[in-house]
Amino acid sequence: MVIDLDKCTGCQACVVACRQENNISFAGEEQARLGRANFWMNLVSEVKGDYPHVEMHFLPMPCMQCDHPPCTKVCPVEATYKNPEGIVAQVYPRCIGVRMCISNCPYTVRYFNWHEPSWPESYKKGKNPDVYSRRKGVTEKCNFCIQRIRTAKMEAKREKRKIKDGEVTPACVETCPSEALYFGDLNDPGSGVSRLSRSKRAFRLLEELGTEPKVFYLKEGEWDDRQ
Amino acid sequence: MIDSEALAQKYSRVLDPLRRAGWPFLITTGILSLIFFGSFFAFGWQYYWGLGETGMGHPVSWAFYLVNFVFFIGISHAGALVSAVLRITHARWGTPFGRIAEAVTVFALAAGPANILFDLGRSALFYWVAIHAQFKSPLLWDLTCIMTYLTVSIIFLYVLLVPDIGLLRDRFPGRRFLYKILSFGWTGTERQWATMSKIIGVLCVAVIPIAVSVHTVVSWVFGMQTQPMWHSTIFAPYFVTGAIFSGIATIIIVSIVLRKVYHLEDFLTPYNYNNMGLLLLTFTLLWAYFTFVEHLVVGYAGGPHETVVLWSKLTGRFAPLFWLMIALCFVIPFPILVFRRTIPGLMIASICIVIGMWLERFLIIIPSFCEPRLPYARGFYMPSWVEWSMTAGLFAGFSLAFVLFSKFFPVVSIWEMEKEEKKHLSSLKKDV
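Going down the list, the sequences are from chains A and B. Sequential numbering of the first sequence, starting at 82, is according to our numbering. Sequential numbering of the second sequence, starting at 271, is according to our numbering.
Among the hints, erroneous ones may be present.
Claimed, not checked - In silico lysine-lysine, BS3-like type, Cα no more than 27 angstroms apart, as pairs:
#, chain 1, residue 1, chain 2, residue 2
1, B, Lys406, A, Lys154
2, B, Lys689, B, Lys450
3, B, Lys406, A, Lys163
4, B, Lys530, B, Lys677
5, B, Lys692, B, Lys468
6, A, Lys163, A, Lys238
Keep in mind that the hints were calculated from the coordinates and are not lab data.
Looking at chain A on its own, in the form it has when it is part of the complex (with noise of 0.2 angstroms):
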């Protein structure tokens, strides 16, 4: 994935979308404010700078899907790990709740069900039937929409093809307005996302650590003539 932080507007509008595909659990305003709320895709702000010279800064932050996970090797019961695909997933039937992923998530994306998962009354008719549903005492993330991936790979699969670039994507990067975020295969050196992250203007959030994040971001305020 590549995100491209110029063109983030912090509508939010992926983090909605990504509730609403990922069935993700109202937490309420009491319970978010205890730090219970998931979101599989955030959208943290940064304000920088005092009056007049004042700069808002907008990061949306999905799961960087590291190629190195530090989350997937401390789990004791293998209920997280790095798919083929590159995609780092959870088994919610095999998780414990030991929350030890969490606590080595370098970014800090893993998310905990502290309670049963509830919805409004009229949210409920609402629900994706394509993914599964957690209950309490599992952890969550993002999974850069597994359920939709899997769609598009039947299809290709039965029509006998391979995926083209650009055919399935997220949730969060499908509903983007201003189509700040891409998606697509990276070991295709072809592809979209290929390209973009070997933009002068890509970096990825905490490369010190090694853990290889899967998730490029462009840095605002540079253009670019490959762009």
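Let chain A serve as the given structure and place chain B on it in line with the hints.
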């Protein structure tokens, strides 16, 4: 060998608590049971409603339970050091502490890992850690080491009890049923004593590396992670030192309480306590050294992630707790242990150290969670009633176990005291 009648006469003070159960005993047991079983309600509440009933949240996803876990495992190190090391080095002054130390180990080892059970999102599935064992996870190393240590320390406590149980079997016909099974056919023959000393020798040597491995691995549950201030190479020795430190303090507290309640002044003398105080002093200094090194290195050379956590401890919102810890673990006990190794002095120093060491565990775990590497997830932690109740329940359960233990078994090892005395007398004779 003197007969059991004379032995019972001589050690009547030690055997007294087994004969009598007065009001103070009933009241203590009642109050402790109330707190202990109250925590069952708290756990049930948490189990039913979810871990959200605690004060934990994002990003502070481990809190009180982990603090209690590390703290109690730490205390359990007392047994290994005091009984095994002192036995190997033939330190005679340690003999009356032996039984207490071994019991502290077993009860603390029961209390510590229980916290992991409370901390799990799905507690009922805890055994999956064994079934789906993942050797890459530090938690499995933990499970392996703790279970080994628990097994060995139960055997250790039990084996050293056998000769005394043999005596009890003869002296307490009313409880003959219990003691007869437990005495394992002990009659005190020459051959049995020979086997006994062989087993004790093996156990003493075995229990030391196991104990060290346990707290090493407990430290690695944190040290192997990427959280700032945890990823430190000295974490393992730092934890082991702190563990033995708090363990010795616990033995002193427990033994002073038992001495007072059961009038064991003849066995636990100021001479024994003076030496124990010196041992505690050594570990006070060691602990202070490690704490100094750990914080100085981070403060001088640490990156931005580490220093944020460090300053939150030194001057930030954790500062009151941090300086309280320094006061309780070093500033108060150090002068006491240097100048006044009396029994009341040791009691004060030890209580300070135990509280201080609990705070130390808290300050290792919580501040790092409140300030993770990326500056976006920020949080604070306030324990809820569930966590307070569980913590109180643990301490009550630990004390309750001791109270009941002291009513069924002698808290001072009779046969070892007797053996030491004989050795001492024969060496005196040789001198003459």
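Going through the hints against the structure:
no. : hint                : in the structure
1   : B:Lys406 / A:Lys154 : 6 angstroms, holds
2   : B:Lys689 / B:Lys450 : 23 angstroms, holds
3   : B:Lys406 / A:Lys163 : 14 angstroms, holds
4   : B:Lys530 / B:Lys677 : 15 angstroms, holds
5   : B:Lys692 / B:Lys468 : 20 angstroms, holds
6   : A:Lys163 / A:Lys238 : 22 angstroms, holds
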